[in-house]
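Novice: So the chains spell out like this:
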Amino acid sequence: KAGVTQTPRYLIKTRGQQVTLSCSPISGHRSVSWYQQTPGQGLQFLFEYFSETQRNKGNFPGRFSGRQFSNSRSEMNVSTLELGDSALYLCASSLDRGWEDTEAFFGQGTRLTVV
Amino acid sequence: GDSVTQMEGPVTLSEEAFLTINCTYTATGYPSLFWYVQYPGEGLQLLLKATKADDKGSNKGFEATYRKETTSFHLEKGSVQVSDSAVYFCALMRGSTLGRLYFGRGTQLTVWP
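As given, the protein sequences belong to chains A and B, one line each in that order. Quick note: to get this note's numbering, add 9 to the position in the first sequence (first position is 1). Quick note: to get this note's numbering, add 25 to the position in the second sequence (first position is 1).
Hints were generated in silico from the structure; no laboratory data involved. C-beta: ideal position from N, C-alpha, C; glycine also.
With a straight-line Cα cutoff of 25 angstroms, these simulated DMTMM-like cross-link-like pairs (lysine to aspartate or glutamate) come out:
1. B:Lys77 / B:Glu101
2. A:Lys22 / B:Glu67
3. B:Lys81 / A:Glu112
4. B:Lys93 / A:Glu112
So these bits of chain A aren't anywhere near chain B, every CB distance computed over 12 angstroms:
5. Thr29
6. Leu92
7. Asp94
The whole structure should be built from the sequences, with the hints applied where relevant.
Specialist: Structure (structure tokens):
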């Protein structure tokens with residue numbers, strides 16, 4: 010069974026540019042969530058999608074957005090990149106059969122460097 | 026709001042030593058609790074979980090017990106190996122905010138042979 014796949018693994022972008030990251034969840038999983046990991050702030054929740062609807066949202070500016078497609082694949086977009094957006098972006102998927110059965114499985118992440 | 030506090034380390038141990046990484050949480054209701062492990066250059070892997078008070082999660086020799094009275098979920102292992110060197114994250118999830126994990130800051134563990 011394939012795990013959570015994130016593409017690309019590495020990205021280098023220039024300040025002011027925009028970037029799109031992709032996440033393919035485990036087959037059958039309808040929930041996809043995104044996290045930003047930095048040495049200074051640790052793991053911070055960005056947003057979560059379930060059946061193409063954003064269900065939860067963290068405290069990030071509107072430059073960070075996402076969406077989920079009918080096949081549960083998800084993308085996140087960051088516009089007008091800033092140096093501080095350099096981070097490891099992690100995607101997680103879960104089956105979400107009920108809250109006691111929920112487990113999040115993580116991809117390997119996309120390492121974004123903004124120069 | 027919901028939060029997780031864990032000892033930040035780094036923790037350095039000799040092989041076969043006993044490991045404890047403390048984790049306490051603040052949350053309304055009855056969250057599920059998790060320990061995740063992150064190896065260098067990798068994403069997070071679920072190590073163990075517990076969904077209700079007094080549950081014990083266990084995996085690969087690691088254990089943690091959900092203690093509601095002390096709001097704790099401390100990770101323990103009786104005899105660590107060099108291959109256990111990694112960063113360990115404690116996390117919680119509430120039923121009302123499914124899909125959202127609240128993480129601690131992580132604890133770097135290094136085991137020397």
